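Position chains G and E relative to chain H; hints supplied.
Heads up: the sequence lines are chains H, G and E, in that order. Using this note's numbering, the first residue of the first sequence is number 1, and each one after it goes up by one. Using this note's numbering, the first residue of the second sequence is number 1, and each one after it goes up by one. Using this note's numbering, the first residue of the third sequence is number 1, and each one after it goes up by one.
Derived from the structure by calculation, the hints contain no laboratory data. Computed from a predicted structure; not experimentally measured. Do not take every clue at face value.
As the list claims (entries may be wrong) - Using 25 Å as the maximum straight-line C-alpha spacing, the simulated PhoX-like pairs for lysine-lysine come out as follows:
(1) E/K67 to H/K152
(2) G/K39 to H/K277
(3) G/K39 to H/K236
(4) H/K152 to H/K232
(5) E/K67 to E/K20
(6) E/K67 to E/K10
(7) H/K328 to G/K39
(8) E/K4 to E/K26
(9) H/K152 to E/K20
(10) H/K421 to E/K67
(11) E/K77 to E/K4
(12) E/K26 to E/K10
(13) E/K4 to E/K63
(14) H/K236 to H/K152
(15) E/K10 to E/K74
(16) H/K152 to E/K63
(17) E/K4 to E/K20
(18) H/K152 to E/K74
(19) H/K328 to H/K376
(20) H/K376 to H/K332
(21) E/K74 to E/K4
(22) G/K39 to H/K232
(23) H/K277 to H/K232
(24) E/K74 to E/K26
(25) E/K20 to E/K74
(26) H/K208 to H/K181
(27) E/K63 to E/K10
(28) H/K152 to E/K10
(29) E/K20 to E/K77
(30) H/K421 to H/K332
What the hints assert, rightly or not - Stretches of chain H that chain G covers, calculated by requiring three or more beta carbons in the stretch to come under 8 Å of a beta carbon on chain G:
(31) 6 to 18
(32) 105 to 114
No residue lacks a Cβ here, since even glycine has one placed at the ideal position from N, Cα and C.
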Amino acid sequence: MTAQVELALNTLEAQLNQPLETALEACARCGLCAEACHYYRAQPSVEHIPAFRAEQLRSVYRYERDFLSRLFPFWTGAKKLDEKTLLHLTEIAFSQCTLCRRCTINCPLGVDTPLLMRAVRAMTTAAGTAPEILVMLADAAIEKGADPSFFKELFLEQIREIEEQLRNITGDPNATIPVEKQGARVLYVPLAGVHTILPPAIVFNAAKEDWTLSIFEAANYGVFLGDVNRAKQVAKRIVDEANRLGVQEIVIAECGHAYASYRWDVPNWFPGQFHFKVRSMIEVLADYLREGRIQVDPNFITEPVTYHDSCNLARNSGLIEEPRFVLKHIVKDFREMTPNKAEALCCGGGGGLVALAEYTERRIQAGRPKAEQIQKTGARLVVAACENCRLQIGDLNERYGLNVHITALTDLVVRAMRLPKPLPGTEAEHLFEGQKEMVELDPPAH
Amino acid sequence: MLIFQLIALLGFLAGLYGLYLRYAETRRRPLPPDRSPLKGNPTHGIVYAFTAGMMPWAKESTRLHGIAYLRGIGFHLGIFAALGAFLLSPFWGALPALLSWTLSGVIALGAILGAAGGVLRLVEHNLRGLSLPDDHFAVWLVSAWLALSAIALHGPGWLPAYYLLSAVTLAYIPLGKIRHCLYFFFSRIFFGRFFGRRGVFPHPKTTQ
Amino acid sequence: MEVKLSLDFKGLLCPLPVVKLAQTIKQVEIGELVEAVATDPGVMADIPAWTRSTGNELVTLEKRDDKTFRFVVKRLK
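Here chain H stands alone, though its shape is the one from the complex (with noise of 0.2 Å):
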């Protein structure tokens, strides 16, 4: 056995837990999931049912651990891991599925493949063929928060031209963007680029909330790698800034994957110094028209607008309703995709795909019900919360020739807030009622 093959398999036997082990050997392989998954629907064949992507574990794992399996192998499929195999196993997880749960839900025995996916995806980036790209990305934001300091004074330089953007767009002298404010009541955290910092931040500034921004971006590339202790480091910078700072709530930025972990698993990851609550922005939208503390104008956009349900959020998080709160407060012909909600389809951009350019061509290809799906609802704008599926959906939009706009929550919102100037940047402008003014958007920061 190879060094790189006994990682593999010594990675997959630390991770076996009640819920893993009851995903390998809980399924009847009766295929009922095969419609669940988009990348069958775009391309129907044995090889895209999830029961088949996992069975590829599931052979491992027999031969490792089943007494009939090291007896015959052939009856129950079992198989010796090797170097092939493990290049396999390497495909399949990063580049043919997105661990959107969609089959877990439609599974009569509930089995979770998205969990042995990322299995999957642990035990190859530990024996070293997990992608490049996803290692580097997550250890380079290791790096920033080990020494914040080569960096942090051109951020906050940019911080500052982000901040005469706000002002001016506002109208409101005084607006600002706080950044490390000892005892805020919220740690914002953005994603990368300004078009995550300047909305939010005028939301913020209008709902006159106590808040600050986070020196680092919500993205946990060890997330989609399924390496727990990467991911846990990318996280600490997190946990340490709002410990440090003494916040009671931590607000991420429009985006899925970084929700879902700090939602559910980073509080299991810092016992005992996690002790903040965790919103999405998209929560935080809805509070605040909730309350009444920012005001939206109700007649902003009558051209037709739908939805995309980020895995992540919904089915993942249970935020359905929040999304669809706030849109009714600014949209008036809101359409609904079918299947919606928990049932969505995956746009095929989650699980880190979307960073994977050798896999481009498959993750489009995988797209293609979904961009069939808002094709019919006839939608010109179509909203989404999660950075992932934007970037997904608008390549959809080009490869599919969908004609339609994409657009973040708090974008729309924003701009149904009726400011002085509106928020410049994006095509659609022409379908927002009443918005002749424009201002040059900087490119995008952080």
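Chains G and E in isolation, oriented as in the chain H frame:
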């Protein structure tokens, strides 16, 4: 007849013990803690997972494949009935005719539906691609056991064969794919806990 | 020292400049230089972090008057 009954009993106990070993092995594994604040209710999620969540309309997959769903339900009802009949087998002679015929009817239907599943595994492209020798063997073994159970209920001459096949079938449960009968419970509990605590299921307006 | 490869990352949002740099740096030999121009200010943090974590060398990183960012990286790994 006693010797056949003893063999069947041994098969039953071996199956039960094997399942217990599987259960104990899985329970020995860690259960990851969940310290994140609740959005929904994990208990409600678990109840949903075993009740409304099992209904054919609860999932797109079963809405699309209603026949397959009914076939599966019928097959498994047949299995439960056959297990009950097996435990009652020393007293079959004393069973009221109505109960005896109802049991054999349910079991026979299960056998037919099981065999249909076996045929599908051979002819349907996806199922054939997914199936392992273990899957083919398991579905035919159980279907044959159901058929023999239904026959033996009214044909005492078949009892030796019935008891021998019962021994093989029941002893095989923990060894091959049939042990999903145990993991079904683990899986649905974890499913309910996961989606329940996250406020996804049960949800009055989860889909439109 | 001569720049071996010049890249245009204008319009790319982070982390794509890092992704593209990591992919294309393999086209030059160890010890050679790659230059890139980007518009996303995120590169000011991400490129130094990437060179630190991968053991490559950041030769220069500057913000220019036209609001672009130019950096030069020496491949060491």
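Structure-inconsistent hints, enumerated in ascending order: Violated: none.
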